[in-house]
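Same order as they appear, the protein sequences are chains A and B. Going left to right, the first sequence walks through residues 1244 to 1556 as the numbering used here numbers them. Going left to right, the second sequence walks through residues 1244 to 1556 as the numbering used here numbers them.
To be clear, the hints were calculated from the coordinates, so they are not data collected in a lab. Hints should not be assumed to be uniformly reliable.
Remember, identical chains collapse to one label, so a pair may be satisfied in a single copy or spanning two.
With a straight-line Cα cutoff of 30 Å, these simulated DSS-like cross-link-like pairs (lysine-lysine) come out [unchecked claim]: (1) K1536 to K1286; (2) K1328 to K1498; (3) K1414 to K1483; (4) K1332 to K1536; (5) K1246 to K1498; (6) K1536 to K1414; (7) K1328 to K1536; (8) K1463 to K1550; (9) K1463 to K1246; (10) K1483 to K1332; (11) K1246 to K1328.
Protein chains: 2
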Amino acid sequence: MKKTQRIAVIGAGAVGSYYGGRLAEAGHDVRFLVRRDYRAISKSGLNVTSPDGDFQLERPFTATDSTEIGTVDWVVCALKSTSIKDAQKLVRPCVGAHTRILVLMNGLGLEDHFAGWFGEERIFGGLAFTCINRGSPGNIHHLAYGTVTLGHYKNDPAEIESALTLWSGSKTSIVSASSLLRARWEKLCWNIPFSGLCVAGGGITTDRIMSDANLRAAAKALMEEVICAGNADLAYHGEKPGIDRDTIINSLFQKTSTMGAYRPSTMIDFVEGNAMEIDAIFAEPLRRARELKVNAQGLALLTALLKSLNQGR
Amino acid sequence: MKKTQRIAVIGAGAVGSYYGGRLAEAGHDVRFLVRRDYRAISKSGLNVTSPDGDFQLERPFTATDSTEIGTVDWVVCALKSTSIKDAQKLVRPCVGAHTRILVLMNGLGLEDHFAGWFGEERIFGGLAFTCINRGSPGNIHHLAYGTVTLGHYKNDPAEIESALTLWSGSKTSIVSASSLLRARWEKLCWNIPFSGLCVAGGGITTDRIMSDANLRAAAKALMEEVICAGNADLAYHGEKPGIDRDTIINSLFQKTSTMGAYRPSTMIDFVEGNAMEIDAIFAEPLRRARELKVNAQGLALLTALLKSLNQGR
């Protein structure tokens, strides 16, 4: 793989701008599909504050139409999962014969769409564990964390290697997942209980769940459902049902106990009145749990409430 | 029993004012313990609008301290269950050797407190199925329904008869319950799923639950938990576990389908920012379900969320 890669960032919200910015900072030719903040970024560039080092892209390549970007080596699709229906149209103009696509989005099953549209071998998934907010147009605030877990749709080690190479020169902490599907479910083991309860509990931060015996027990019960559903889904896909119940419960509760008053992105969407990513994070896992006849009573209740809270957004 | 009874209404909110008013209208000597609206009622009386006939009490007996009321034939305690800790102190001055006490409150286990304070034989429970709001001070708006189910703490038929006699001359629809505990649980079969989801779903009306497949399924799953817990609790108390699953599910869903955009009182509390009656309606049933080893996964999750939403109120 040649050193400088041409990269299309589709969906330059907080996450796309930040990680695309890090790739540009590392010397890649990064081209941003920008909708809301096009004027501001064209005028004043992309400005990022971060505990890993602030940076500015003075004149980033921005486009309001993917055809202006053309075909690239890598597509980083960082759309909100609520825009999944637009993804094919937005990504297609950037996809050539050898283009790889990194689905840097929240939730389950999104890579399946991309694999159907563009072929399985070129599809990767990225799971960002981070806290990044948009400030005023063109300004991105990376507040904490930032590690991205990368996996390949077919779990091909050589392909994972190529993805790691892309990121190797950048100020981004990357870990690889030997099973993308397991990585997605492991992230849901945190996201479903903690993001879900932070929203349905009234827009609370994670520390409130940790310090409230009822909410904590509810989080654990939900996590157990997700673990069972995840293992059943892995087995269904011919993979080892390798999510170890006790290990993941202990590690996620331990990790959350150090996070303080953390605001999950779904909770930020909730309190700011934006559409929440309910389908990909809650409804699709629930659908699979039901299809696999796994108990998902709590998840079903939580999903029904979140859909109700999301109505009209 | 002499025809005119002296009655203390403790807690003259919407429900206490309305039903106390109906008893006064029927000729009883009704004395209201009034806190918030004392001045307005002293000045302009108690004014009630109702589909069953408007009425006014021009100069009702009002007191701000129960000792001014003195001992009575009947105490109707219509406090919000969130004030249960104040009930003993407020009721005691009205209780003589032969005073009977009607606990006209929402939730489970409240009569147990009164039985402990004042003795079992004199305790009755009343379950109001109604929609009554407070207007400006001294004004009560009875909007719909209104039937009260009456039971005796020890299910003594002669005592139930005496309670029915009290109400017989009033414009109130009364039905008697052969088991007070079963009546309480049957009301919870509606209240837990419908009030709970109306709140946690974001302050929605019951028609939203009925028309949304996910919420409707969640309501049914919760109702099934409550039915199991109720039957286990009845058996534990030496009563017949007589809540028939299919009958009650069909009847409550049928009834709710005719209610339109109904706002349960807990949902009104929620949207108006008032304290919700979570302990008596949700936490106590959950506590019993857990003690009786009945599955209450959904109820546990819902209760944790409602407690979180209730925090600081």
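Practice problem: Against the earlier hints, flag every one the structure doesn't satisfy and list their numbers going up. | Solution: Checked against the structure, the hints that fail are numbers 1, 2, 3, 4, 5, 6, 9, 10, 11, while the rest are satisfied.
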